[in-house]
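*Asks:* Residue-level listing of the chains:
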Amino acid sequence: MIDLTEIVKAAFRFWTPLGFAAMGGVLSERAGVVNIGLEAMMLGGAFAAAAVAETTGNPLFGLLAGTAAGALIGFLHAVLTQAARVPHILSGVGLNLGVLGLTTYLLRAFFGGGIDTSQKVPGEIITPLAIFAVVAIWFVFAKTPLGLRLRAVGENPAAARSAGVNVTRLRYGAVTLSGALAGLGGVALSLAALGAFRENMTGGRGYIALAAVIFGRWHPLGAAAAAFFFALGDALQQALQTAGLAETIPPDFLTILPYALTLVALAGLSGKASPPAALGNTDEA
Amino acid sequence: MIRRFNAAGGFVRALLALLAALLVGAVVIALAQRDVSAPLTAYAALLKGAVGSAQGWSQTLDRTMPILLTGVGVAVALAAGLFNIGAEGQLAVGGLASAVVGYSFPGLPAPLLLLLAMLAGMLGGAAWAYLPALLKEKRGAHEVITAILLNYIARNTTKYLASVSPPRGFKDPTSGGVQRTPEVAATFPRLFGDFDVHLGLVVAVVAVVAVAVLLRRTVWGYETRAVGEGAGAAEAAGIRVSRVRIVAMLVSGALCGLAGAVEILGPTRYRAFPADFYGAGFGFDGLAVALLAGGSPWAVLPSALLFGILGSGAEIMEFEADTPKQIVAVVQALVIVAVAARIVGRKRAATTPAAPPAVPPAIEGPSKTEADA
Numbered sequence: 052m053i054d055l056t057e058i059v060k061a062a063f064r065f066w067t068p069l070g071f072a073a074m075g076g077v078l079s080e081r082a083g084v085v086n087i088g089l090e091a092m093m094l095g096g097a098f099a100a101a102a103v104a105e106t107t108g109n110p111l112f113g114l115l116a117g118t119a120a121g122a123l124i125g126f127l128h129a130v131l132t133q134a135a136r137v138p139h140i141l142s143g144v145g146l147n148l149g150v151l152g153l154t155t156y157l158l159r160a161f162f163g164g165g166i167d168t169s170q171k172v173p174g175e176i177i178t179p180l181a182i183f184a185v186v187a188i189w190f191v192f193a194k195t196p197l198g199l200r201l202r203a204v205g206e207n208p209a210a211a212r213s214a215g216v217n218v219t220r221l222r223y224g225a226v227t228l229s230g231a232l233a234g235l236g237g238v239a240l241s242l243a244a245l246g247a248f249r250e251n252m253t254g255g256r257g258y259i260a261l262a263a264v265i266f267g268r269w270h271p272l273g274a275a276a277a278a279f280f281f282a283l284g285d286a287l288q289q290a291l292q293t294a295g296l297a298e299t300i301p302p303d304f305l306t307i308l309p310y311a312l313t314l315v316a317l318a319g320l321s322g323k324a325s326p327p328a329a330l331g332n333t334d335e336a
Numbered sequence: 002m003i004r005r006f007n008a009a010g011g012f013v014r015a016l017l018a019l020l021a022a023l024l025v026g027a028v029v030i031a032l033a034q035r036d037v038s039a040p041l042t043a044y045a046a047l048l049k050g051a052v053g054s055a056q057g058w059s060q061t062l063d064r065t066m067p068i069l070l071t072g073v074g075v076a077v078a079l080a081a082g083l084f085n086i087g088a089e090g091q092l093a094v095g096g097l098a099s100a101v102v103g104y105s106f107p108g109l110p111a112p113l114l115l116l117l118a119m120l121a122g123m124l125g126g127a128a129w130a131y132l133p134a135l136l137k138e139k140r141g142a143h144e145v146i147t148a149i150l151l152n153y154i155a156r157n158t159t160k161y162l163a164s165v166s167p168p169r170g171f172k173d174p175t176s177g178g179v180q181r182t183p184e185v186a187a188t189f190p191r192l193f194g195d196f197d198v199h200l201g202l203v204v205a206v207v208a209v210v211a212v213a214v215l216l217r218r219t220v221w222g223y224e225t226r227a228v229g230e231g232a233g234a235a236e237a238a239g240i241r242v243s244r245v246r247i248v249a250m251l252v253s254g255a256l257c258g259l260a261g262a263v264e265i266l267g268p269t270r271y272r273a274f275p276a277d278f279y280g281a282g283f284g285f286d287g288l289a290v291a292l293l294a295g296g297s298p299w300a301v302l303p304s305a306l307l308f309g310i311l312g313s314g315a316e317i318m319e320f321e322a323d324t325p326k327q328i329v330a331v332v333q334a335l336v337i338v339a340v341a342a343r344i345v346g347r348k349r350a351a352t353t354p355a356a357p358p359a360v361p362p363a364i365e366g367p368s369k370t371e372a373d374a
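Protein chains in written order, with my numbering: chain A, 52 to 336; chain B, 2 to 374.
It is worth saying that the hints were derived from the structure and are not from the lab. Quick reminder that beta carbons are idealized off the backbone N, C-alpha and C, glycines included. Treat the hints with care, as some may be off.
[As the list claims (entries may be wrong)] One-sided and incomplete, this derived list gives chain B residues near chain A with beta-carbon spacing under 7 Å: (1) A142; (2) L150; (3) L251; (4) A330; (5) I337.
[What the hints assert, rightly or not] Some chain B residues near chain A, calculated using beta-carbon distances under 10 Å: (6) L19; (7) L20; (8) I149; (9) N152; (10) A237; (11) V332; (12) L335.
Looking at chain B on its own, in the form it has when it is part of the complex:
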């Protein structure tokens, strides 16, 4: 019962934060366009575009799909007290790995090939996440900094590999000036007729549910959360903190890599890995979604959908209402900050039983890791 009340409170809070963020966004639009009705026109176009038609819903869900996976990926790391800012890089590496497997074995039956390509994506993402995890545990290098550096390295390496023909890279030799890998031999089937939304969405939702259940119901989940709540206490309780953290980053990276795979393996958007794949923003959206969800995997579902709606509606808004789509990024930023803000005041926060923190305590400073070691 208590948990349910808390969840409801969190929902109300998120809703209030969203309303406040939309209001501030509206003020910016009204000021910039010197027209009081401009925000209404813009928001109406956004909403109508994102959820006003079957086509809109299809695009919204297609956009939500990768953010679900990066969101839950970042949430797993958060649960262990780690901030996986490398999601974008892991997504790119995973995407490339899945594309290479996807075009290399055209003889395999489609379901098997898709499965292998997804597995490759997960391995690629996990490998890229392993580096910051290892550097943190072995060398004490802060994972946020190393992951940021690795993002740039991922961007340039995947760009290079997709723009140079074999044997040095994976570029399709027949694609001429277009810098991309060959097309994959199998893609996910669409879910409804001709609409964009495809089986990858089901994969993403299943992954979120699986992580949510595993994190709540298994020993692995218990240990991960214990480390996130306080590494010192976890260590004292006999949990191998270092190992738990590395596994959490591996799982996080695998989920982000899987996000890259479902993007590449979709029937419409990519089908091949382009040189400019890095920077589509689904990794950074995942960070925001996980923070908005307060690190809870279940809350990733509505949070990712919100970002999907705002993201897909923004394109329509820009086209229909002539409002630059970047205003949506402002709204998203305001939402995540507003949700975490403890506006109730210090005294109350100190005396009443603390609401679950938006982010596990161990995340709040890099100092904790060194102190525990």
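Next up, chain A with everything else stripped away, as it sits in the complex:
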């Protein structure tokens, strides 16, 4: 039988990595930097967390390493888009390709193709942390002068600059922190549920998180809710599979469910989505 509490529990488990990454996406995009590189930041975070937790035998070090790895990749994205003026999508795609290659390379060179670790960060800790991140990001954008400046940087960098805001510094900070958040999403993926890292472990969750950001109209709470919508779809399809519905509906189609639901929702609701006006701008403000 299908147990509703189990589905909700599973949904929160699936949501945690997505929620973190989606908050990273909101932070970066509201500051005007397209972040399709969330995937790379999650994957780098997941790998560093598992590698360090297993090597040091301490899950806390793993958590810190995962966050730091995500932040480092985020910083790289900031350098590429702000200093080197690489188009944001191109930088993100490059990071995704490169980090996938690098983590797989290191995984095979040092860990024999897979990491399994008993040094886990329990979901009871990391899921509340993700909820806290949502509230914190919402609070910063809605209630603080910093949030106002960040929004100004994303909407009209030229005006922000003439009002004395250091656009470049704020963007560096936002994108680096965005990477740290996505890195935490990676930690939730490798150290919370499974205690393992495998090649291409994120499997596109960074893209889904970005979809949630857009679906949630660049609003922290909206993005978090959109990510939960996807996670619920995923939990539902897994419950349906274990409930033996696979006899009537093929598992391949059940796996499609969260993607299809998100697609339908995007098609039905995104008519008037308005991204930050200067999103993706590589020109001098």
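Start from chain A and add chain B according to the hints.
*Replies:* Chain B alone, transformed into the frame defined by chain A:
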């Protein structure tokens, strides 16, 4: 003359980017294997494997073939200011469509059957690309997000269809545990003796040249580029932006679908559509190749060849030098990012006439579309 100078500058830049990327890759290899000579051994094995023999060249060109098509496909979309991240899904759908046609009509003469199968592949890819294009124009949904979602849907749907026997799917009932469609009734002839490289390569090169010429010399090409340069100005000039964008995505999807078809219809690698066809990576390679080419169809030729060399050499390198082949993905990523990096500095970029941007301006943010609408 000016254009030629720019092209030469772009070439030098790409070469420098490649060298820098190889250098960084070498540092990673040397650190990981704790051996300063390891990078040299690895790169030598790569180069020797990819272009050191006729057999190597054949494998390299065979690998370049699908990337040429996905690369030029993504480049067409880029020219119109769209980022077709759905290439991988369109390739899978096109591959399945071509396989189904390829085995369904065994009575037809081989050339006609191949032609029909290619056409089916193009239609399949175009249909899959039509969805994000339509959702963008009608509903304002960003094409990158919808295409990513459609990639997953393509992966699972093609997997399902290739693993279930008729009437629900297309699996070969006689293939037992092997999940694939029946073999196609005709395959492309090989070009040179027993070597893998086949007529599909010619198809791919012709497609790249055709797109390059059409994009430069026809009204369609002019309108497509105008939309890519700035949708607002194009609209003001009387161009139907929405229609141009949809056509660009259809052409892009058709080329990616054709890439799937030439893979399936080759004499050695596939011959039938396997359930795990999605994810071979030729679609994502196409994205990287198009970005490396700066959206220029002509530059897709050398860019795809570079990716073909790195891709086919990587396998040999892993085998001969014991270096995991994924280091090549790192090098490829560094190349595309380095090529686009404007390291010259802001002031110069602002005062001198701007070099052609690596990617049409309209691609840089999803905001532009909504602003134009």
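*Asks:* Would you mind marking each hint as holding or not holding in the structure?
*Replies:* We went through each hint and held it up to the structure:
no., hint, in the structure
1, A142, "5 Å, holds"
2, L150, "5 Å, holds"
3, L251, "19 Å, violated"
4, A330, "3 Å, holds"
5, I337, "5 Å, holds"
6, L19, "14 Å, violated"
7, L20, "17 Å, violated"
8, I149, "4 Å, holds"
9, N152, "8 Å, holds"
10, A237, "20 Å, violated"
11, V332, "8 Å, holds"
12, L335, "6 Å, holds"
Of the numbered hints given earlier, the model fails hints 3, 6, 7 and 10; all others are met.
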